[in-house]
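Sequences are here, hints too, so could you generate the full structure?
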Amino acid sequence: MSRIAASFKVVALAMLWAALVEIPGAPLSGLSLIGSAHAAPPAAHKTARPAPRPRNVDVDVDVDRRGRGRRDVDVDVDVDRRGRHKSVDVDVDVDRRPRVGAVAVGVAVGTTIAALPRSCTTVVTDDVTYHHCDGVYYRPRYSGTKVVYVVVDAP
Amino acid sequence: MNAVRSIAFGGLVFIALTPAFAKDVDQANAIEPEAAQILQQMSDYLGSLKRFTLSSESTIDTLMPSGQKIQRGAHVDVAIQRPNRLRLNRNGDDVEQEFYFDGNTLTLYGKQDGYYANLGVSKTVDIDTVLDLARTEIGVILPAADLIYQDPYEGLMADAESGTLVGTSTVGGVEVDHLAFRGRQVDWQIWIEKGDKPLPRKYVITSKWIAGGPQFTAVFSDWKTSAEFDDALFTFSPPPKAQEIGFVPLRGKFDRRGAE
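The listed protein sequences correspond, in order, to chains A and B. For the first sequence, our numbering assigns the number 1 to the initial residue and increments by one for each residue that follows. For the second sequence, our numbering assigns the number 1001 to the initial residue and increments by one for each residue that follows.
Certain hints may be false.
[Claimed, not checked] Just so you have them, the derived chain A footprint on chain B, three or more residues with Cβ under 8 Å: (1) 1111-1117; (2) 1136-1148.
[Stated by the list, open to error] Which residues of chain B face chain A? A partial, calculated answer using Cβ under 10 Å: (3) Arg1090; (4) Val1095; (5) Gln1097; (6) Phe1099; (7) Leu1108; (8) Phe1236; (9) Gln1243; (10) Ile1245; (11) Gly1246; (12) Val1248; (13) Leu1250.
Calculated from the structure, these hints are not laboratory results. All values derive from a computational prediction rather than experimental measurement. Note that beta-carbon positions come from the ideal geometry of N, C-alpha and C, so glycine has one too.
Structure follows, in structure tokens:
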């Protein structure tokens, strides 16, 4: 299936998306959704997410890893559409804070979960909100239109 | 007496079904030119609109592990100004989101959480391009995108294997043509206004291979085909307490290519 999908066929699924999203990093079994106040709905609509539209899109990713702190990722996207060749630079705003300090209990930085564990406190540092759960710090991110939580180093 | 009634009833049902059944067999693997033409007219008309609004009232079936179907709903308000302005508000069960596109930046703002994220593009692009980029770069599929593309026909028909004009119907008091299409994964139906404004009025998608055949249904209203907008409508101004959280890039390709 292609862009058929594009919106109506999928959009309403967005709210039920958690179980369908491919999240970078393996979810932690110990941090499952059970009992979480933010838990996703019990079951996702089983319609598979459609494949992207059948368009010839080459993506060149150029990640600038110099410097510390906030890093912007420049993406060169060549969108070849019906013979017209468009060169588009995309700036996906990725905030990768310095990876310093150890994360407790061996949870890999970058691990992403769809909902927070049960017991968390909220910590605000430099106007950034962190969720502190069982020794692990998370920051919220949008994965698609769904908020997910990514393990980060202690602020 | 009962037997007679049953036979008579059965006969009626048979008669009623015969034309449709015969048609179904005939058209099993074909897209009727008439159906394609009506859809094309809708597509051309939507593509010709420079500034328009619509509202969508939609529901979707959610299958529980027990097999129970639960229906959830959302209301979406859409404002489009071609070539490169877009605004969508989606309010539904557990969802209160706004989407802004001003030609360079697509913003998703979740009002419940007070979070927002931007997809920035280094030069001005049109709506089609940002819809594609949102899907491929950050996995965001915008509400109503099927109808927002410059050429909706292309996307709608991409997987269609058969299509038929079911007949005339009414949606919200508007006389419409009722079209039914079949694809490999889904069957879908669309109701298109008759006359010189061939606007979509209703849209149903059935996930036919899923037990229970869950459906998505959207009814469209409040079409304004020559709206006037204030440019501020398309530009996101973060409320004081809103926090930018960013998107997770899709498919982890950033990490793959840039691995240290």
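Take the shortest C-beta to C-beta distance between Val1095 (chain B) and chain A; is it under 10 Å? 5 Å, holds
Hint validation: Gly1246 (chain B) versus chain A, beta carbon distance must be below 10 Å. Holds or violated? 5 Å, holds
Does the nearest C-beta of chain A fall within a distance shorter than 10 Å of the C-beta of Phe1236 (chain B)? Hint on Phe1236 (chain B): violated, closest Cβ of chain A at ~13 Å, above 10 Å.
Hint Leu1108 (chain B) vs chain A: min CB-CB distance below 10 Å? 6 Å, holds
Would the hint on Val1248 (chain B) be counted as holding, given a Cβ-Cβ threshold of 10 Å to chain A? 4 Å, holds
Evaluation of the interface hint that places Gln1243 (chain B) against chain A, nearest CB under 10 Å: 6 Å, holds
Under 10 Å, Cβ to Cβ, is where Arg1090 (chain B) needs to be relative to chain A, so tell me if that hint holds or is violated. Status holds, d = 8 Å.
Verify the interface restraint on Phe1099 (chain B): the C-beta must sit less than 10 Å from at least one C-beta of chain A. Interface hint status for Phe1099 (chain B): holds (9 Å vs cutoff 10 Å).
Would the hint on Gln1097 (chain B) be counted as holding, given a Cβ-Cβ threshold of 10 Å to chain A? Constraint on Gln1097 (chain B) satisfied, holds at 6 Å.
Identify whether the interface hint at Ile1245 (chain B) stands, where standing means a beta carbon of chain A within less than 10 Å of its own. 5 Å, holds
Hint check, Leu1250 (chain B) versus chain A [nearest Cβ-Cβ separation less than 10 Å]: 8 Å, holds
Okay, the segment 1136-1148 of chain B and chain A, do three or more residues pass the C-beta test at under 8 Å? holds (count 13)
This entry does not satisfy hint 8, going by the numbered hints stated previously; all others are met.
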